[in-house]
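Given the sequences, and given the hints that come with them, work out the whole structure.
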Amino acid sequence: MFIYFAYDGMIWGISPDGNSTPLGIGDNPTVANDGTLIYQDTDGNVIIRNREMPDGGLLFDRRKMADDVAISPDAQYVAYTRPEFGDRSRVVILHIPSGSELTVPSTALQSFTPAWNSDGTMLTYVTAGSIENPEAAIPVDGQQRRNIYAFDQIAQSVEPIVISPDTDDIEPTWSPANPNQLAFTRKVGDYQQIWLVTYSSEGVPTEKQLTQRGGSHPAWVPPDGRWIIYENNGQLWKIDTTHPETTETALIHNGHVVFGREPAAAAGNLQINTPGKN
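In this note's numbering, the protein residues as written are 1 to 278.
Quick caveat, the hints were computed from the structure, so don't treat them as lab data.
Each hint should be verified, as a subset may be incorrect.
What the hints assert, rightly or not - List time: in silico BS3-like cross-link candidates among lysine-lysine, alpha-carbon distance up to 25 Å: (1) LYS238 x LYS187; (2) LYS208 x LYS238; (3) LYS187 x LYS208.
The structure displayed is predicted, hence computed values, not measured ones.
Shown next as structure tokens:
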């Protein structure tokens, strides 16, 4: 397993052999199944690292005004959010080889953090308000009320995934093993926690709070989708989704707690530059 994360303005990678290395200046790393890594630099350009460009190269520049960039599992697509007129933002899907784009059909006023499922057919994203009800994007007593939707690329339809008028639900991430399971961040009281929603074969959702000590930005550990790594107070933590009551703990690397944010993980024997242990 490889773990990627942002820390102190840099993207870092930890490889299975214990090596850690800085990979570039930026934040928001996401990774495909083959180890292709993308992130945004401090100027808003989107950088890609793969076997053809092991030191990184420009995927597209800041003129696209892209944010929340996420690469698909097959490394053929990138999803991102783009601002539009009237304080609106939309989710855009870019086909990397051809450069063609598709804007996800949605009446949402604002959209955030798109995330792919394991086979790239579904794309979840977070919404705030709608064209019909823009007031829903306004926080109430300091509490935002965002929801999670999914765009089905095959059916070309948008479906609600996690909808609640009283909670703020963000940062969705699909299980790599269970296509009916999604982790996300929900604000509970004054704290963010990691939650899990699982859909039955009849489409009935069951929600479960995983963390008790805080957490955000969950990322599944592939390929079996049992563990999740996440942010907690400037550190990376981990939790076993099958035994969350006893496994909520900091991630340890070479005997030390890992400081960082925005984790991502990939499985397998991937090729990245690891010049030495830090």
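Worksheet item: Hints broken by the structure, by number, lowest first?
Response: none
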